[in-house]
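Input sequences plus hints: build the corresponding full structure.
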Amino acid sequence: MAQRLLLRRFLASVVSRKFSQGWGPPLTSQALQTPRGLTVTPNPARTIYTTRISLTTFNIQDGPDFQDRVVNSETPVVVDFHAQWCGPCKILGPRLEKMVAKQHGKVVMAKVDIDDNTDLAIEYEVSAVPTVLAMKNGDVVDKFVGIKDEDQLEAFLKKLIG
Amino acid sequence: MAAMAAGLRGLGGRFRWRMPAVAGGVRGAAQGAVAGQRDYDLLVIGGGSGGLACAKEAAQLGRKVAVVDYVEPSPRGTRWGLGGTCVNVGCIPKKLMHQAALLGGLIRDAPHYGWEVAQPVPHDWRKMAEAVQNHVKSLNWGHRVQLHDRKVKYFNVKAGFVDKHTVRGVAKGGKEILLSADHIVIATGGRPRYPAHIEGALEYGITSDDIFWLKESPGKTLVVGASYVALECAGFLTGIGLDVTVMMRSIPLRGFDQLFKEKSLVKIEVWSCHCGDIKHSMAATKEAPCRQMSSLVTEHMASHGTRFLRGCTPSQVRRLLDGQLQVTWEDHTTGKEGTGTFNTVLWAVGRVPDTRSLNLEKAGVDTSPNTQKILVDSREATSVPHIYAIGDVVEGRPELTPTAVMAGRLLAQRLFGGSSDLMDYDKVPTTVFTPLEYGCVGLSEEEAVARHGQEHVEVYHAHYKPLEFTVPGRDASQCYVKAGCRVDAAWTLLTQSPPGLAAEMFGFQMVCLREPPQPVLGLHFLGPNAGEVTQGFALGIKCGASYVQVMQTVGIHPTCSEEVVKLRISKRSGLDPTVTGC
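Here the protein sequences come in this chain order: A and B. Residue numbering for the first sequence follows our numbering, starting at 11 and increasing by one per position. Residue numbering for the second sequence follows our numbering, starting at 78 and increasing by one per position.
These are calculated hints, taken from the structure and not from any lab test. Owing to the predicted nature of the structure, the values given are computational and were not obtained by experimental measurement. None of the hints are false.
In silico lysine-lysine, PhoX-like type, Cα no more than 25 Å apart, as pairs:
| id | chain 1 | residue 1 | chain 2 | residue 2 |
| --- | --- | --- | --- | --- |
| 1 | A | Lys-153 | B | Lys-228 |
| 2 | A | Lys-158 | B | Lys-214 |
| 3 | A | Lys-100 | B | Lys-204 |
| 4 | A | Lys-153 | B | Lys-214 |
| 5 | A | Lys-153 | A | Lys-168 |
| 6 | B | Lys-292 | B | Lys-249 |
| 7 | B | Lys-214 | A | Lys-100 |
| 8 | B | Lys-141 | B | Lys-235 |
| 9 | A | Lys-121 | B | Lys-214 |
| 10 | B | Lys-241 | B | Lys-439 |
| 11 | A | Lys-158 | A | Lys-112 |
| 12 | B | Lys-141 | B | Lys-230 |
| 13 | B | Lys-141 | B | Lys-439 |
| 14 | A | Lys-100 | B | Lys-292 |
| 15 | B | Lys-249 | B | Lys-235 |
| 16 | A | Lys-158 | A | Lys-121 |
| 17 | A | Lys-168 | A | Lys-158 |
| 18 | B | Lys-292 | B | Lys-172 |
| 19 | A | Lys-169 | A | Lys-116 |
| 20 | A | Lys-153 | A | Lys-112 |
| 21 | B | Lys-252 | B | Lys-241 |
Selected chain B positions facing chain A (Cβ under 8 Å, derived; list incomplete):
| id | residue |
| --- | --- |
| 22 | Asn-211 |
| 23 | Lys-214 |
| 24 | Ser-215 |
| 25 | Trp-218 |
| 26 | Arg-221 |
| 27 | Val-222 |
| 28 | His-225 |
Where a beta carbon is used, it is the ideal one built from N, C-alpha and C, also for glycine.
Below is the structure:
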């Protein structure tokens, strides 16, 4: 266990410089922490999704990806289940990303498109969207459905971080 | 790694990770179609209104149920998700676009009511289409979640029978699965018909499968057909400001074949009281709309901008260099040929059952030689005892969501819930959502006369004007309601010539009112919110309401609905049915 953590930290220091260039291989959440704690707000109008939207937000591609970057993450993860056809999701998404980015890497955000990852969404009992899960050590510790304002999101995130 | 993961999460974690399904992967491979060892208690083929209702009901009764659903893309390439025709390319998007069109009318009325709205107000197809499509997609998701919640297994595969207990499903990627079940329900519905004999029809035309999913406005449109699909589509397209022409071969609202017989042609014979002694040919036939009502519907559409080409059939569709479509047709009344240019040609010339790829012969399921629809008995059972069929795919059933849903649920209850209740297809209400809506329940006037005889049918009718139409000065000429009631005589009537009979008949019928109450055979309402109006009266008619009870019901004022309970003038009387004032 300790060896894995050490390995991860080593990898993090090696690859952290690649962030500023945008694209990179799927990384564990630990590696996403940067010393400078950059705050990046992605353009919500972007229709082309890259794996990583910002330093603290990334798109989930499939089940194994979720397992790797969310369930196995040592950093708490906020999971935003959303859909292309969901109006409120388009409001909540950027707002949540912004609030997550403000936490200086203490929490990261995984975005899951429920049409692309139907089985995953159903497994996590998502019925309405947006559904946001707070996950720590692979467990769902908190959850909300629908839109929240920035203060509410701040409180939600602070509670997750602990 | 897995052990690490488990360690990290702790034992008994609520969301245990398990291998996700590979896209197009196989789950639930069949054990073999041996009785008692089959995969499912119930396999439903078709995830539409009927199929989903049946599956969920059976699952609620504790059975092991699977649904297979697959949408073959339209020739245009349109495809959609779980939910069937109603959700994706029928009722739902139709009603939303109908609402968009109605709003256009209300916006035009608004200045009269004091709103300072600049006219004309432009309409953006893209915005409407996106909103409608987003809602439909949310329903697709909702159905998916529901199936999961009710523990119904779902496979997105195209199904075909291997034998009478086994179905082969092919996924989009080509992967195959075999599913076996004790009971199978076919609910594959129908798809729009393409008039393949018309040159260019398939290449250049679209159907209702496509219209709701267009990203760009269809522009100047030719709608070919006279069905409710044709009229509803033409209606909302006109309402949002497009140039629309409807081309029909003969009469609007097809499905009605008889001509309304003139009074002078009806023989009045010697008869005596027939109470209860009526030959009621009970068949699961769709009650056809009244011809009179259908004329009023199209009259309204014509006066609001829709062009009608009657007695014409298209012969060819060509694409011009600028991308527009040139349509050539034959005008049967003049014998001449006509041509026109359109951006879109929408075929609404009927629907065909989705049975071709099912390999029904492998299961031994019989279909109608004329329509290819599946033949069933009153228990929805096909020619194979454990195979059933519900919904649009069935011969002689109304092509409506609520009947499919109810039939599906009752079927599940009969199969697994110990019930013996059959689906009653009598007195099913429905509404055509044309710009001026037409709601009806029970028999059309023509059918009532055909079944009971002219002398046994009294039709009360009224033209009315919705209050909301007054201020903006909207034309209410087609707002009309009629109810046909069964009349029984207390004594015999001698043969007389119809014209001289009018006054006496009126008086005669009035006396009859005190006889066994005249059950209402059919109600027809043309006006705003016809669906909302008709639904309530459908309950009354289902309960066997009589004309006496109608008369005794107090109206709600001011509404259009109250005109039903205020019906007093019979057609036979010849009096002016126009309602004036309070």
